[in-house]
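**Q** For the record, the sequence lines run as chains A and B. Sequential numbering of the first sequence, starting at 1, is according to our numbering. Sequential numbering of the second sequence, starting at 1001, is according to our numbering.
There may be inaccurate statements among the hints.
[Stated by the list, open to error] Here are the simulated distance ranges between beta carbons: (1) B:V1199 <-> A:Q11: 37 to 45 Å; (2) B:R1135 <-> A:I287: 39 to 47 Å; (3) A:P63 <-> B:T1082: 49 to 57 Å; (4) A:L102 <-> B:Q1384: 44 to 52 Å; (5) A:S173 <-> B:H1128: 35 to 43 Å; (6) B:T1082 <-> A:M145: 44 to 52 Å; (7) B:D1459 <-> A:L76: 50 to 58 Å; (8) B:P1371 <-> A:I15: 30 to 38 Å; (9) A:Y156 <-> B:P1371: 22 to 30 Å; (10) A:I18 <-> B:V1407: 30 to 38 Å; (11) B:H1128 <-> A:P63: 32 to 40 Å.
Please keep in mind that the hints were generated in silico from the structure rather than gathered at the bench. Positions of the beta carbon are idealized from the N, C-alpha and C atoms, including for glycine.
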Amino acid sequence: MKHYVVRRLLQLIPILLIITFLSFGMMRLAGSDAVLQRMENTGMVVSQEVIDAARAELGLDKPFLTQYCAWLGNLLRGDMGTSYISGQEVFSTFISKLPATLLLTVVSILLTIVVSIPLGVLAAVKQNRLTDYVIRVASFLGNSMPNFFVALLLMYFFAIRLDWFPVISREVSLQNVILPALTLAIAMSAKYLRQVRATVLDELSKDYVAGAKARGVKFSVTLAKSVLRACLVTVITLLTLSIGSLLGGTAIVESIFMWDGVGKMAVDAINMRDYPMIQAYVMWMAIIYVCVNLITDLSYRVLDPRIRLGGAKS
Amino acid sequence: MKTEKRILTLLMAVCLALGALAGCSSNEEASDGGTAGTTFVLGDTTFNAENEEPDVNPHNAYSGWACIRYGIGETLFRYSDTMEIEPWLATEYELVDELTWRITLRDGVTFSSGRALDGQAVKECLEHLIEVHDRARGDLMIDTITADSQTVTITTTEPRPTLLNYLSDPYGCIIDMEVGITEDGIVVGTGPYIVTSLVTREELNLVKNENYWDGEPGFDNVTVLTISDGDTLTMALQSGEIDGAYGMPYASYPLFENEDYTFSSTATSRVFFVHMNFESEIIQDDAVRQAIAMGIDKERFVEDLLDGNGYPAMGVYPDNFSFGGDAVTAKGYDPDGAKAILEEAGWVDTDGDGIREKEGQTLTIRWLTYPSRQELPLLAESVQATLGEIGFEVIINSTADHNSIRVDPMAWDVYASAMVTAPTGDPSYFFSTHCLDSSAVNNGHYHSDELEALAAELDETFDTDRRAELAVEMQQIILDDNAFVFCSHLQMSMISQSDVTGLVAHPCDFYEITVDLRPAE
Chain A
1 MKHYVVRRLL
11 QLIPILLIIT
21 FLSFGMMRLA
31 GSDAVLQRME
41 NTGMVVSQEV
51 IDAARAELGL
61 DKPFLTQYCA
71 WLGNLLRGDM
81 GTSYISGQEV
91 FSTFISKLPA
101 TLLLTVVSIL
111 LTIVVSIPLG
121 VLAAVKQNRL
131 TDYVIRVASF
141 LGNSMPNFFV
151 ALLLMYFFAI
161 RLDWFPVISR
171 EVSLQNVILP
181 ALTLAIAMSA
191 KYLRQVRATV
201 LDELSKDYVA
211 GAKARGVKFS
221 VTLAKSVLRA
231 CLVTVITLLT
241 LSIGSLLGGT
251 AIVESIFMWD
261 GVGKMAVDAI
271 NMRDYPMIQA
281 YVMWMAIIYV
291 CVNLITDLSY
301 RVLDPRIRLG
311 GAKS
Chain B
1001 MKTEKRILTL
1011 LMAVCLALGA
1021 LAGCSSNEEA
1031 SDGGTAGTTF
1041 VLGDTTFNAE
1051 NEEPDVNPHN
1061 AYSGWACIRY
1071 GIGETLFRYS
1081 DTMEIEPWLA
1091 TEYELVDELT
1101 WRITLRDGVT
1111 FSSGRALDGQ
1121 AVKECLEHLI
1131 EVHDRARGDL
1141 MIDTITADSQ
1151 TVTITTTEPR
1161 PTLLNYLSDP
1171 YGCIIDMEVG
1181 ITEDGIVVGT
1191 GPYIVTSLVT
1201 REELNLVKNE
1211 NYWDGEPGFD
1221 NVTVLTISDG
1231 DTLTMALQSG
1241 EIDGAYGMPY
1251 ASYPLFENED
1261 YTFSSTATSR
1271 VFFVHMNFES
1281 EIIQDDAVRQ
1291 AIAMGIDKER
1301 FVEDLLDGNG
1311 YPAMGVYPDN
1321 FSFGGDAVTA
1331 KGYDPDGAKA
1341 ILEEAGWVDT
1351 DGDGIREKEG
1361 QTLTIRWLTY
1371 PSRQELPLLA
1381 ESVQATLGEI
1391 GFEVIINSTA
1401 DHNSIRVDPM
1411 AWDVYASAMV
1421 TAPTGDPSYF
1431 FSTHCLDSSA
1441 VNNGHYHSDE
1451 LEALAAELDE
1461 TFDTDRRAEL
1471 AVEMQQIILD
1481 DNAFVFCSHL
1491 QMSMISQSDV
1501 TGLVAHPCDF
1511 YEITVDLRPA
1521 E
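Whenever a hint applies, use it, and build me the whole structure from the sequences.
**A** Here it is in structure tokens:
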């Protein structure tokens, strides 16, 4: 087990090298650069000499490989560089965005669990009855509406009509996180409750459920102790994928609610060709996904002993 | 049934928890910033590092815009509503000779630090500016500055007729260099408000300057919030969390066109325009350029695609400039006339496919533009339709990579872009950057001997009336050559709650929060 974890973590090194190299190259292929983007935003024209000087200052005049090696060398010395746009340190900027992203991730995942698992189970238990139909229609609606639309609807009703929450959620607090988290949770819950319903239905059709019923075991006991436990592997797989995606930030929701997380930072960095910031984000995403997948695999072993890790022979 | 009840109970508990959290919320703090007295909250889409405005230090990039817009700093001269230079911190100037300007400063002005504004303070500020700010150094061409009590004498390295215009640029805000510039980019100016805190891309907090020289500021506190999303800005104004908004999306305007809000709009010198590529064989044909100029329906573009939120352009400058608007004549939308010109030049549709040909070449133009200005892709689509009716095939390339493409004269025929043509109110900027052999972005390689001669004269002309005449003549030359087609000017609007007065849009876009901003009586 220890060897397995260490081996998986060591795999991060080539992954990081490959994806940072690829992203570095792809950003150059996308054209333009931070100097030109800034000039375009201001709507002013500056001389080629000024542009060249600005490029030289940022090191953008050097060949691609030289730029990448310089960035990598600095990274190995613990220096992620400074933002081309704000001039602030990339590491400290990135770290300052993490609390908002973590809080949004935790609250939206909790809301998703609270909504999707009970409703998914209820829909399965009441299959093809009114409750099931209502839940499925709600799920269909939730899946159909894009995040930005849900965000605007919530904002309109809860912030403008009811005045329960502020439109601007720029301070990272439990109160301000509710609307952005709810926006994300609605879309995720709509997707998950159908998965939960399908998994529960699958389990309910198995022989052991009929056997338990024949032996007089209460249905609620079978549901809670056997069926739900069996469904957990599916649910955890879905949730961990979502956690990975949420930790990478949700640019649209963050922008609309002015929630200052890493997603909005990443999109701004891409728009402005802020390469050091983009590289930091790419590394963050790689680390998240490797770690989240590792934790998921480990959790399978705990939840379902039939699953062996690291290719161990049964 | 029991399971259902449990689940319903759980969901109700979630709702109650949400309600409880909502109960904790309060919009009061947002609207008053947690400070005493009256507070004005402005939502602004542009105050951020992406626009080179990371702070309010006028000596840093374009941060001077934030310094002057939010009432922190003031310049020696300023622009009137008709974009003419008028005194501000200065009272008068004297052109001693072509290289020497003597500027007299206003008495009784103090920085918010308490220091009196005098010649020495201005000298320290301008010397620091040209030391650290490349653009200002190139614009101002200052050789020496000498201070004597309330007088400053500036000599330039070469004749600089536009010196006062450049001193009115936001980078020319006079700040107290004895206090200096903090690490956060906070400065001390002479304006009606004083910075108390600044978080880049988030918020700027200001308090009233009790010793302001030009009257009493109307609010005790001002907060500027950077709100990059247009929908959020809209809802924040609707909910009353902000009192005024800059950068509202056009689509939201109807929500505020009622008695609860005050609109202030003006035409700015930001223009959406077309460059012709004189290296392109097809564009070298006079008839083709003329037909393009006559085939763009500016009125319909503004009315239909921009929902009326713009002004059809005649020339380089809008009509609030003395040398703008109808001071020049440009070809209007005339599809029949365009067709006749093309026919006469030999461009005819021989195969009936709707696209004209001449000597085996189809009338196809490659239209290069970019999407970061929402108006430009709309303009491209509008032109594709109207020129299509005349017999053109328009191939649109709307790309963020336009800057690298436009430097290759073989890669495009027509380039549509947006720019501020007169940021300092003076006409020379557009010509010097776009139309001359020496221009930085004359990517279409346009050349006119007559224009070059007039530009040389403009560079040496100090008389403002003559400068205006030259600007008209020069515009007319490029319009007659169909070297550029000016489609529309940006309408800049600011919206405020009806209980606020004095948030007024200005054609130069520099002045937002002024001493006149106050609660309505």
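**Q** Take the hints in turn and mark each one as holding or not.
**A** Against the structure, the hints:
{"no.": "1", "hint": "B:V1199 <-> A:Q11: 37 to 45 Å", "in the structure": "39 Å, holds"}
{"no.": "2", "hint": "B:R1135 <-> A:I287: 39 to 47 Å", "in the structure": "41 Å, holds"}
{"no.": "3", "hint": "A:P63 <-> B:T1082: 49 to 57 Å", "in the structure": "51 Å, holds"}
{"no.": "4", "hint": "A:L102 <-> B:Q1384: 44 to 52 Å", "in the structure": "47 Å, holds"}
{"no.": "5", "hint": "A:S173 <-> B:H1128: 35 to 43 Å", "in the structure": "41 Å, holds"}
{"no.": "6", "hint": "B:T1082 <-> A:M145: 44 to 52 Å", "in the structure": "50 Å, holds"}
{"no.": "7", "hint": "B:D1459 <-> A:L76: 50 to 58 Å", "in the structure": "53 Å, holds"}
{"no.": "8", "hint": "B:P1371 <-> A:I15: 30 to 38 Å", "in the structure": "33 Å, holds"}
{"no.": "9", "hint": "A:Y156 <-> B:P1371: 22 to 30 Å", "in the structure": "28 Å, holds"}
{"no.": "10", "hint": "A:I18 <-> B:V1407: 30 to 38 Å", "in the structure": "33 Å, holds"}
{"no.": "11", "hint": "B:H1128 <-> A:P63: 32 to 40 Å", "in the structure": "36 Å, holds"}
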